[in-house]
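Q: Here's the letter readout for the chains.
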Amino acid sequence: MSFLTAENMTGGYGAADILHDCTITAEEGEIAVIVGPNGAGKSTAMKAVFGMLDIHTGSVKLDGEDITKLSPQARVAKGMAFVPQTNNVFPTISVEENLEMGAFLREDDISKTMEQVYELFPILKDKRRQNAGELSGGQRQQVAVGRALMTQPKLLMLDEPTAGVSPIVMDELFDRIIEVARSGISILMVEQNARQALNIADKGYVLVQGRNKFTDTGEALLANPEVRKSFLGG
Amino acid sequence: MEGMEILNALAVFSNYVLVPALTYGSQLALGALGVTLIYGVLRFSNFAHGDTMAFGTMVVILFTWLFQSWGISFGPLPTALLALPFGILVCIALVLLSDKFVYRFYRRKKAAPVIFMIASMGVMFVMNGLVRFIISPKDIQFRDGERFIIKAREFKQMFGLDEGVAIKVTQGITVVIAIVVVIALFWFLNRTRTGKSMRAFSDNEDLALLSGINPDKVVMITWMIAAALATIAGTLYGLDKSFKAFTYFMLLLPIFASAIVGGLGSPLGAIAGGYLIAFTEIMLTYAYKKVAEYMVPGDEWEADSLMQLLSTDYKFAVSFMILLLVLLFRPTGIFKGKSV
Chain A
0 MSFLTAENMT GGYGAADILH DCTITAEEGE IAVIVGPNGA GKSTAMKAVF GMLDIHTGSV
60 KLDGEDITKL SPQARVAKGM AFVPQTNNVF PTISVEENLE MGAFLREDDI SKTMEQVYEL
120 FPILKDKRRQ NAGELSGGQR QQVAVGRALM TQPKLLMLDE PTAGVSPIVM DELFDRIIEV
180 ARSGISILMV EQNARQALNI ADKGYVLVQG RNKFTDTGEA LLANPEVRKS FLGG
Chain B
0 MEGMEILNAL AVFSNYVLVP ALTYGSQLAL GALGVTLIYG VLRFSNFAHG DTMAFGTMVV
60 ILFTWLFQSW GISFGPLPTA LLALPFGILV CIALVLLSDK FVYRFYRRKK AAPVIFMIAS
120 MGVMFVMNGL VRFIISPKDI QFRDGERFII KAREFKQMFG LDEGVAIKVT QGITVVIAIV
180 VVIALFWFLN RTRTGKSMRA FSDNEDLALL SGINPDKVVM ITWMIAAALA TIAGTLYGLD
240 KSFKAFTYFM LLLPIFASAI VGGLGSPLGA IAGGYLIAFT EIMLTYAYKK VAEYMVPGDE
300 WEADSLMQLL STDYKFAVSF MILLLVLLFR PTGIFKGKSV
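Residue numbers (numbering that gives the first Met the number 0), protein chains in the order written: chain A, 0 to 233; chain B, 0 to 339.
Careful, some of the hints might be misleading.
No more than 20 angstroms apart at the CA atoms, straight line, and that leaves these computed lysine to aspartate or glutamate pairs for EDC-like [to be verified]:
| id | chain 1 | residue 1 | chain 2 | residue 2 |
| --- | --- | --- | --- | --- |
| 1 | B | K108 | A | D53 |
| 2 | B | K167 | B | D143 |
| 3 | A | K77 | B | D205 |
| 4 | B | K314 | B | E301 |
| 5 | A | K77 | A | D107 |
| 6 | A | K153 | A | D65 |
| 7 | B | K167 | B | E153 |
| 8 | B | K216 | A | D65 |
| 9 | B | K335 | A | E133 |
| 10 | A | K77 | A | E95 |
| 11 | A | K153 | A | E106 |
| 12 | A | K60 | A | E26 |
| 13 | A | K126 | A | E114 |
| 14 | B | K109 | A | D53 |
| 15 | B | K137 | B | D239 |
Estimated spans, in silico, between C-beta atoms of each pair [as the list claims (entries may be wrong)]:
| id | chain 1 | residue 1 | chain 2 | residue 2 | range |
| --- | --- | --- | --- | --- | --- |
| 16 | B | P112 | A | G28 | 42 to 48 angstroms |
| 17 | B | L208 | A | T67 | 18 to 24 angstroms |
| 18 | B | F185 | A | D174 | 37 to 43 angstroms |
| 19 | B | D205 | A | K68 | 38 to 44 angstroms |
What the hints contain is simulated information worked out from the structure, not anything from laboratory work.
Think of the CB as a built atom: it goes at the ideal place given N, C-alpha and C, for glycine as much as any other residue.
I would like the entire structure built from these sequences, with the hints used as guidance.
A: This is the structure in structure tokens:
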């Protein structure tokens, strides 16, 4: 049994379903990546896992516990953390305060976790007194990931973390994400940059129109001629 | 004596412009802070703020009368200061009730800000009626204790000038209380967990929810602070001038102007906006005749007009003009608040 098992999810925002029998799983300390064409329901699948979207069939289990009916806030308390694609920092409060707010639910000493986030993203330590809104796109993504890590999650979900950042920053961010996974945290990530993302993925999901089209290891998907032809540009 | 002339001009200016504008500015700043906090956290322009000030002040007046009837006084200071905490508590209670019965319904429905604004106008009318019904729409003086910190005559004797600067007790109290309240508020917002969560909530509501910040608690605390600020601002204004329900309703315009000029949602902006509006209002409507006569060398010259740019009747037009200019050229205000 996987650490995260979101099985047979069917649902959408209104009357029409976007997801159809979609299954996503993630193992402990591994990186799972959802890729696919525009409008395939990648972000929707992630939102369904996080409880931001009603699914009328299927279930979401975290560490064996059924959390299908829980609100996103309650899922945070269960060890999920979500980094939205946009508006993912508090712009007019400082970097350090952003991290503090990430740990809002925690009653214990957060200084050690904050030190770990600063170790992971050293630039944030230098900029900790600066408002998050004044940082560059890449640095802001680091704040966003750092904020999510402050709850000491067991599953970190990232919605297109590299959207709008330069290729160099993207590589850098992926390196950090691998580092986070090595510390034992499961990662579920939606990515536009399919090839690079599958490169670091232990498991990849290719979604098309809300359905699982291909599911395999990242390596195997990259080698699959059909996936290459249709989704990776040859 | 040339130097004396300039000092006399300065004394006249301080007496009629500097001291009153600092006082009025402090009162506006406290009022605007309440408006800006509500805007930042609840995301609507609270039209009931002027009448919240009136309600809080009314309770303070009632307690002042009660204390006076018991023979309790605060020595040289106004008895109203002793009544202030009670006024704040009752005002908080009323504002929380208004949230429970009016605003919460619209929050559940995720109503647009304009609907909240119109609901707040309803609350405004109810509060206004309540105040007129309980304490009458008349002009009420409730100041007691000493009147002056420094009288004009004493000032003249002290510095050997022809012109004096009088500082009223209420003016001194206003400035001192405003400074203390602002320091306390900023300490709360910047240093405490709850204060930080308020700023985070104001910044990005969705992310605040994801971080586990309780929206109900943030909203409640914001109302409590706004009610306390409104009562303090209203009481200080009433002590300095007088209490009248209609005047407090009219204060809404300069208070909103202050909050918008400073940048809605920005506490620092509300303070800067308050003083900016107060100083422009008073400086543009002051008759500079006497100041000019002291400033122009030679004894013989006499100004042939009052040298007043605008009649004091246009006081409110000044706030309106500043408001228009800001909205035209810098819609987010001086301190880059949320755009309106």
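Q: Honestly, which of those hints from before does the structure not fit?
A: 4, 8, 10, 19
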